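Once you've looked at the hints, dock chain B with the ligand against the given chain A.
Residue strings, one per chain:
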Amino acid sequence: MPSKAQLLWMYEAMEKARYYEDTMATVYMEGKQPKFDIGAGTVPGEMHLAAGQEPCAAGVCVHLRPEDTVTAPHRPHHVAIAKGVDLNRMTAEIFGKKSGLSGGRGGHMHLFDPAVNFACSGIIAEGTGPAVGAALAAKLKGSDAISVSYIGEGAANQGATHEALNLAGLWKLPVVFVIEDNAWGISVPKSKATAIADTSQRAAGYGMPGHHVADNDTLALFEVAGEAVARARRGEGPSLIEVETYRYYGHFQGDPELYRPKGEVEALKAKDPIERLRKAMLEGGEITAEEADAARDRARQEVDEAYAFARAADYPAPEEALTHVFA
Amino acid sequence: MSSNRQLTVSRAMAEAIALEMRTDPSVFVMGEDIGTYGGIFGATAGLLDEFGEERVRDTPISETGFIGAGVGAAMAGMRPIVELMFVDFFGVCMDSIYNLAAKNTYFSGGNCKVPMVIMTATGGGYSDAGQHSQTLHATFAHLPGMKVVAPSNAYDAKGLMAAAIRDDSPVVFMFHKGLQGLAWMASPEEAATAVPEEAYTLPFGEARVVRAGKDVTLVTLSMMVHRAMDAARALEKDGIDAEVIDLRSLVPLDRETILQSVAKTGRLVVVDEDYRSYGLTAEVIASVVEKDPGLLKAPPQRLAVPDVPIPYSRPMEQFVLPNAETIAAATRITLGKAG
Ligand SMILES: Cc1ncc(C[n+]2csc(CCOP(=O)(O)OP(=O)(O)O)c2C)c(N)n1
Chain A
1 MPSKAQLLWM
11 YEAMEKARYY
21 EDTMATVYME
31 GKQPKFDIGA
41 GTVPGEMHLA
51 AGQEPCAAGV
61 CVHLRPEDTV
71 TAPHRPHHVA
81 IAKGVDLNRM
91 TAEIFGKKSG
101 LSGGRGGHMH
111 LFDPAVNFAC
121 SGIIAEGTGP
131 AVGAALAAKL
141 KGSDAISVSY
151 IGEGAANQGA
161 THEALNLAGL
171 WKLPVVFVIE
181 DNAWGISVPK
191 SKATAIADTS
201 QRAAGYGMPG
211 HHVADNDTLA
221 LFEVAGEAVA
231 RARRGEGPSL
241 IEVETYRYYG
251 HFQGDPELYR
261 PKGEVEALKA
271 KDPIERLRKA
281 MLEGGEITAE
291 EADAARDRAR
301 QEVDEAYAFA
311 RAADYPAPEE
321 ALTHVFA
Chain B
1 MSSNRQLTVS
11 RAMAEAIALE
21 MRTDPSVFVM
31 GEDIGTYGGI
41 FGATAGLLDE
51 FGEERVRDTP
61 ISETGFIGAG
71 VGAAMAGMRP
81 IVELMFVDFF
91 GVCMDSIYNL
101 AAKNTYFSGG
111 NCKVPMVIMT
121 ATGGGYSDAG
131 QHSQTLHATF
141 AHLPGMKVVA
151 PSNAYDAKGL
161 MAAAIRDDSP
171 VVFMFHKGLQ
181 GLAWMASPEE
191 AATAVPEEAY
201 TLPFGEARVV
211 RAGKDVTLVT
221 LSMMVHRAMD
231 AARALEKDGI
241 DAEVIDLRSL
251 VPLDRETILQ
261 SVAKTGRLVV
271 VDEDYRSYGL
281 TAEVIASVVE
291 KDPGLLKAPP
301 QRLAVPDVPI
311 PYSRPMEQFV
321 LPNAETIAAA
331 TRITLGKAG
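Those protein sequence lines, which keep their order, are chains A and B. If you use the UniProt record's numbering, the first sequence corresponds to residues 1 to 327, in order. If you use the UniProt record's numbering, the second sequence corresponds to residues 1 to 339, in order.
Next up, chain A with everything else stripped away, as it sits in the complex:
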């Protein structure tokens, strides 16, 4: 069972991530109306939001330390927030500003915060190898730091995933692979992309334990992830966790979602994981509604401040494009 502090931490991280994404959904449309043009507006380019997937981030990262490495895919904000990435500089990066994490070079799919060992990439499954490498580095250095590699259920069918799982299993490296199963890889449902229903069964093929967390359950994931992280820290090797989660928005903002069954999102929202966690917390009796409200308000204020910071920041000079190609 999570402690009171852990519960509040997860709740706050989830509220922060949700409010961050909902705010982004609005900001993203600035300058794209009445005619939607993906290259126009305050925040141009592709935008993949993770509203509904907050348990995957909070339920795992609650067990992590700054020195642990996390790699995330193209849908990274919730994980970055839970890992403690600098929110002001992350938001400025997404706005393409000079004070962004990478001075505006990377944008939303390429967020790097070495202070908390977070990185993400837009190429599906390509964070798996680097997570294994960071775990190898920790082992060679004699540290008990671990790695967490986040991928979507679609990415579980990419060659890189299988090679990385095997390496981690073979070398007994401290890695936790987390598959966020939001049921869709863009327009392709899991049943039309993956030969088996429960991807965590693949763990057996790579000599590691596999865990399945049903229905976006933050508290169930907290337990499973706690075990996997502790096992990795003890030097006993990797684990694979698949979490059934929800994707509230389209694959990217502007996705017409013609492939999505009507009513699916409404049905998911009716069992919203943040609401569920809050209810469980309050029913547990240790946390009051006032404490929960205070955590939520803190989270929202921090997000508002990050967006204000990003808005006020300057754009980089065009010529800055030419710097930082090499170290």
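Everything labelled a hint here was simulated from the structure, so no lab data went into it. No experiment lies behind these values; they were computed from the predicted model shown. Don't be surprised by glycine CBs; every beta carbon is placed ideally from N, CA and C. There may be inaccurate statements among the hints.
Stated by the list, open to error - Listed below are the simulated DMTMM-like cross-link pairs for lysine to aspartate or glutamate, each with C-alpha atoms no more than 20 Å apart in a straight line:
{"id": "1", "chain 1": "B", "residue 1": "K264", "chain 2": "B", "residue 2": "D215"}
{"id": "2", "chain 1": "A", "residue 1": "K192", "chain 2": "A", "residue 2": "E257"}
{"id": "3", "chain 1": "A", "residue 1": "K192", "chain 2": "B", "residue 2": "D49"}
{"id": "4", "chain 1": "A", "residue 1": "K192", "chain 2": "B", "residue 2": "E54"}
{"id": "5", "chain 1": "A", "residue 1": "K32", "chain 2": "A", "residue 2": "E46"}
{"id": "6", "chain 1": "B", "residue 1": "K337", "chain 2": "B", "residue 2": "E189"}
{"id": "7", "chain 1": "A", "residue 1": "K4", "chain 2": "A", "residue 2": "E257"}
{"id": "8", "chain 1": "A", "residue 1": "K35", "chain 2": "B", "residue 2": "E189"}
{"id": "9", "chain 1": "B", "residue 1": "K337", "chain 2": "B", "residue 2": "D230"}
{"id": "10", "chain 1": "A", "residue 1": "K269", "chain 2": "A", "residue 2": "E223"}
{"id": "11", "chain 1": "A", "residue 1": "K192", "chain 2": "B", "residue 2": "E53"}
{"id": "12", "chain 1": "B", "residue 1": "K337", "chain 2": "B", "residue 2": "D215"}
Said to hold, decoys possible - Estimated spans, in silico, between C-beta atoms of each pair:
{"id": "13", "chain 1": "B", "residue 1": "T326", "chain 2": "A", "residue 2": "P261", "range": "47 to 55 Å"}
{"id": "14", "chain 1": "B", "residue 1": "S277", "chain 2": "A", "residue 2": "E67", "range": "33 to 41 Å"}
{"id": "15", "chain 1": "B", "residue 1": "E50", "chain 2": "A", "residue 2": "R65", "range": "51 to 59 Å"}
{"id": "16", "chain 1": "A", "residue 1": "P114", "chain 2": "B", "residue 2": "G110", "range": "49 to 57 Å"}
{"id": "17", "chain 1": "B", "residue 1": "P203", "chain 2": "A", "residue 2": "D304", "range": "57 to 65 Å"}
{"id": "18", "chain 1": "B", "residue 1": "A183", "chain 2": "A", "residue 2": "E67", "range": "42 to 50 Å"}
{"id": "19", "chain 1": "B", "residue 1": "D49", "chain 2": "A", "residue 2": "I196", "range": "23 to 31 Å"}
{"id": "20", "chain 1": "A", "residue 1": "T42", "chain 2": "B", "residue 2": "D95", "range": "36 to 44 Å"}
{"id": "21", "chain 1": "B", "residue 1": "R5", "chain 2": "A", "residue 2": "E305", "range": "37 to 45 Å"}
{"id": "22", "chain 1": "A", "residue 1": "P261", "chain 2": "B", "residue 2": "N4", "range": "56 to 64 Å"}
{"id": "23", "chain 1": "A", "residue 1": "K172", "chain 2": "B", "residue 2": "G91", "range": "37 to 45 Å"}
Showing chain B with the ligand alone in chain A's frame:
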């Protein structure tokens, strides 16, 4: 039948594929989101409804697997069209492309054929950053064994797609996202053109003189044809008469048309949305100089991405991509009219 029917590039591509699928049962399509979604960039819209899931197959995110499967199917007598959603993703599956598709004909001494089309989206300009904005023209054109095309408009796209499907060699069909005529991404009006309803092919290796001119030759392809035409229109106001050549294919490369034009104008500007070094711009200039350096009355100019990854932030991205102003400025330099 109205011959003035206007189609976007994406519609023209889908139509070319449909026409070939109707007449040739060995043609089928596979890729990510090419079925129900109709291709993220619309190149397969409507195909699933007409041909069904057997011949229009959504794949898992497994490029090495399904592009390798394309090679095997092609060698087994089919004519697969596989979509690599963004060319930038070639990194995860290049072995199937350049070590198998591109080499099997040669290594089998001509006894095996790999008649497959790899169609893939290129290009930036909309802040998607350097894992989703490259063109990588030269990366594919450099490696022997693949034909490489990159059309600038719907008419060419339809004819080149039909030719690609009927070709017995692997063809990499590079379409620029910003030319597709999508509802959600700006596209130059001239990219959509009148397209005949019936099937037709265009030969590879035949460049098109988009605009005849006598003072300077602008050589380019794909999106940059439209930027070069904008530049030519601006230059016209200053009394400069630019000839604009759309290469249409990188492999084979129509060196003859380039040489004829430069023989006339004596001045050459090459524009490419790919990286600058070791690329198309150098190849075109070398083709002229190898033939006769005396054709050039002034040093040639080249415009391309200055050997940095494509940055995300708008001011930096716009800075690294060639545009009408930078093309016009480079043209003035070749004419000794730099301001
Ligand atoms: C190698 C590679 N192939 C394809 C893509 C295009 N793409 C981006 S996201 C995506 C779907 C990913 O599905 P999943 O892994 O389930 O993550 P989700 O988007 O559902 O979070 C695809 C196909 C890519 N970015 N990289």
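Hint check results:
no., hint, result
1, B:K264 with B:D215, "holds (8 Å)"
2, A:K192 with A:E257, "holds (17 Å)"
3, A:K192 with B:D49, "holds (17 Å)"
4, A:K192 with B:E54, "holds (13 Å)"
5, A:K32 with A:E46, "holds (13 Å)"
6, B:K337 with B:E189, "violated (30 Å)"
7, A:K4 with A:E257, "violated (39 Å)"
8, A:K35 with B:E189, "holds (16 Å)"
9, B:K337 with B:D230, "holds (18 Å)"
10, A:K269 with A:E223, "violated (24 Å)"
11, A:K192 with B:E53, "holds (11 Å)"
12, B:K337 with B:D215, "holds (12 Å)"
13, B:T326 with A:P261: 47 to 55 Å, "holds (48 Å)"
14, B:S277 with A:E67: 33 to 41 Å, "holds (39 Å)"
15, B:E50 with A:R65: 51 to 59 Å, "holds (55 Å)"
16, A:P114 with B:G110: 49 to 57 Å, "holds (53 Å)"
17, B:P203 with A:D304: 57 to 65 Å, "holds (60 Å)"
18, B:A183 with A:E67: 42 to 50 Å, "holds (46 Å)"
19, B:D49 with A:I196: 23 to 31 Å, "holds (29 Å)"
20, A:T42 with B:D95: 36 to 44 Å, "holds (41 Å)"
21, B:R5 with A:E305: 37 to 45 Å, "violated (54 Å)"
22, A:P261 with B:N4: 56 to 64 Å, "violated (40 Å)"
23, A:K172 with B:G91: 37 to 45 Å, "violated (29 Å)"
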